[in-house]
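*Asks:* Residues per chain are reported as follows:
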Amino acid sequence: MEAAASGGCGSGPPLLLSEGEQQCYSELFARCAGAAGGGPGSGPPEAARAAPGASTAASGPVADLFRASQLPAETLHQITELCGAKRVGYFGPTQFYVALKLIAAAQSGLPVRIESIKCELPLPRFMMSKTDAEIRFGNMAELHGTKVQIPYLITEKNTFKRMDDEDKQETQSPTMSPLASPPSSPPHYQRVPLSHGYSKLRKSTEQMHPAPYEARQPLVQPEGPSLGGPGAKPLRHQASLIRSFSVERELQDNNSSYPDEPWRITEEQREYYVNQFRSLQPDPSSFISGSVAKNFFTKSKLSIPELSYIWELSDADCDGALSLPEFCAAFHLIVARKNGYPLPESLPPTLQPEYLQAAFPKPKWECALFDSYSESVPANQQPRDLNRMEKLSIKDMADFPVPTQDVTGDDKQALKSATDEALPKDIKQQLIFVSATPKDSNSLKARPRSRSYSSTSIEEAMKRGEDPPTPPPRPQKTHSRASSLDLNKVFQPSVPASKSGLLPPPPALPPRPCPSQSEQASEAELHPQLNRAPSQAAESSPAKKDIPYSQPPSKPIRRKFRPENQATESQEPTTAVGGPASVATVKPHPTVQKQSSKQKKAIQTAIRKNKEANAVLARLNSELQQQLKEVHQERIALENQLEQLRPVTVL
Amino acid sequence: MAVCVAVIAKENYPLYIRSVPTENELKFHYMVHTSLDVVDEKISAMGKALVDQRELYLGLLYPTEDYKVYGYVTNSKVKFVMVVDSSNTALRDNEIRSMFRKLHNSYTDVMCNPFYTPGDRIQSRAFDGMVTSMMIQVC
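Chains as they are written, first to last, in this note's numbering: chain H, 72 to 722; chain P, 42 to 180.
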């Protein structure tokens, strides 16, 4: 039988390998050859790309591999003999492939015969021992420092990626030979079928191959921890590179409870991501801008299209910046990708920002705003807005967030314009602003990219907001206008001419051009009004006598205004007095006088308040006019710039 | 609905062009190319006015016997050209507008991606998906 078998081998039985088998066998072969030859990287891939028959596999690694198949030694001997390596003295590709196939047969329970390899077999399974781990570790020293961390992140994810047994075998065997890059790596990862996914897409991660390979070794066994422990120790020697990742080795058990969730982020992973986030952006509730994230993720050495796709997946709100949950999702995807998982078509539910925020509330962080992350997606806009508002309100003495400040990048412009829109809506209450942030997030999705808001417009809006309160102090309860109208009617038949200061029914706002003139005019009217007021109370004739009484009350009002007016006013009362005095007078009654004096005082206070309001409004108006001019000028300047730029852009 | 969708950069080279897989796809490419002249004409017609006043949607650029070509220009002079089948009379102007709006939104999403440099071909899967949804085969 032996002779026949060896003869069979010598004649070279046609070895029918499926494509998947061919792939993994070639990789295993290359790995054994490469491991024997030393050094990862370019060597093995070239060996793989070259004709497989060009090299031989050294017996050392091959023996290790065979031992890893966990077949009894006797079976291994048989296989070795059968495949003809013993006969020819080395493991050429043919022998190697036959051996592998025999191993597969043996593992599936078939007898170790040549005939058994003729049929369809699953791929052989290899459980590597820790000694191999140490061997592989020798290669780790050559690896780039910072990037060693990443492959270790997802040790737990690799365990049970696919629950199908076939897939599992396939996944495991390709993972055993990460050193080889297949000759034909399609540039577009999305077209790679699953079974070939990991092996084909290692091109960019060649350096990392031994590392993830080592990382996975303990995981291949379901009883992870026992092997993981010793396996982890050599890893921990590289602790300076790995930092917190070594902790993740102990997470294998945790992740074995998530058999079909390679996209789930564990606590330690989350911590790592958060630390990385902090290193880029100290404020955990704020965003990482696109360029910063790009630089950071480019270090992972994934290809740009892949990174672009990962960004597309993880930036859920498409704002060009990564919030903390988005960043964690992106990082997780990158790590998964580096470990060979094909990227999903859409963001897995466990990586979505809402889920991440809900699953990992972080009370231990000092940022109190982060607690509000327990809400839905718009909430991540909310703390951002709140945060922005807090920062800005400190800076703005008007206690109003000025969005032009604190813009860290163009990525924030959309948010700024959104906040700008929100602010004028409800100026007084920031609470309403908070409730308006869902509106903001919607508007962000609609992307209002206008940047026409400036700080001056906000201040104007502010002042406009303040305007409404001030006019109300101008009460109409004393119906001063009405009284003046009536008095005017009363007085017109009498001596309108003599009262030089008398104007037609005084408007509520005296004419604009000069506030002083208006005040003067209003002052001038004051006395006729005062004169009229008592006369309104009494009859027209007794009013004339009240004028001397009206003078003392008018005097304190007079002194409020500018002294130069006093001269004119003092003249006017005299003329006013003289005027009415010339008119027929009637003896005033004391009671009427008292009533009229009370009314006089009421009217005087009302008039005083009105004048103050007038003054305030006049000042306000002049300031607003000034600002309007400035804004006009700005606009003109911008239009000029636009005109200058236009000839360049028009085709 | 749409038979061919193209995104043309400011310098008139295509950033993205995709047609319904028929036997004569080159014809669509030519149509898009010729429509660029019409687009230029339309945007230069209102060149004097402010950019803000110019509408982004250009409307029907020109009809041919079998197809109609619609155009849309963004403020950064990136053009979207869409070729639709003339036999599909159910398509109203509003629908075309909404399709262009979706295109514009997806294009903005692509722009937001820091790994995308403006001027590159658009290879975003989300963009592809959106265009596919617009090009559902009616035949």
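Read the hints as simulated data drawn from the structure, not as lab findings.
Any given hint might turn out to be false.
In silico negatives: residues of chain P with every beta carbon more than 12 Å from chain H [as the list claims (entries may be wrong)]:
| id | residue |
| --- | --- |
| 1 | E64 |
| 2 | D107 |
| 3 | S147 |
| 4 | D150 |
Result set (EDC-like, lysine to aspartate or glutamate): computed pairs, CA atoms no more than 20 Å apart in a straight line [claimed, not checked]:
| id | chain 1 | residue 1 | chain 2 | residue 2 |
| --- | --- | --- | --- | --- |
| 5 | P | K118 | H | E714 |
| 6 | P | K143 | H | E710 |
| 7 | P | K118 | H | E710 |
On a predicted model such as this, the values are computed, not experimentally measured, just so you know.
Even for Gly, the Cβ is constructed at its ideal location relative to N, Cα and C.
*Asks:* Now, for every hint given, state plainly whether the structure supports it.
*Replies:* So, going through the hints one by one against the coordinates:
1. At roughly 24 Å, the least C-beta separation between E64/P and chain H is larger than 12 Å, which holds for a residue marked as non-interface.
2. Consistency note on D107/P: stated as away from chain H, and its beta-carbon is indeed over 12 Å from all of that chain's, at 29 Å minimum.
3. Here S147/P does not stay apart from chain H, with its beta-carbon only about 9 Å from theirs, under the 12 Å limit.
4. Not every CB of chain H is more than 12 Å from the CB of D150/P (nearest about 4 Å), against its label as outside the interface.
5. For the given pair, K118/P sits about 16 Å from E714/H by alpha-carbon distance, which is consistent with the 20 Å threshold.
6. As the CA atoms of K143/P and E710/H are separated by approximately 30 Å, the hinted pair breaks the 20 Å bound.
7. Restraint check: the Cα-Cα separation between K118/P and E710/H comes to about 19 Å, which is no more than 20 Å; the hinted pair holds.
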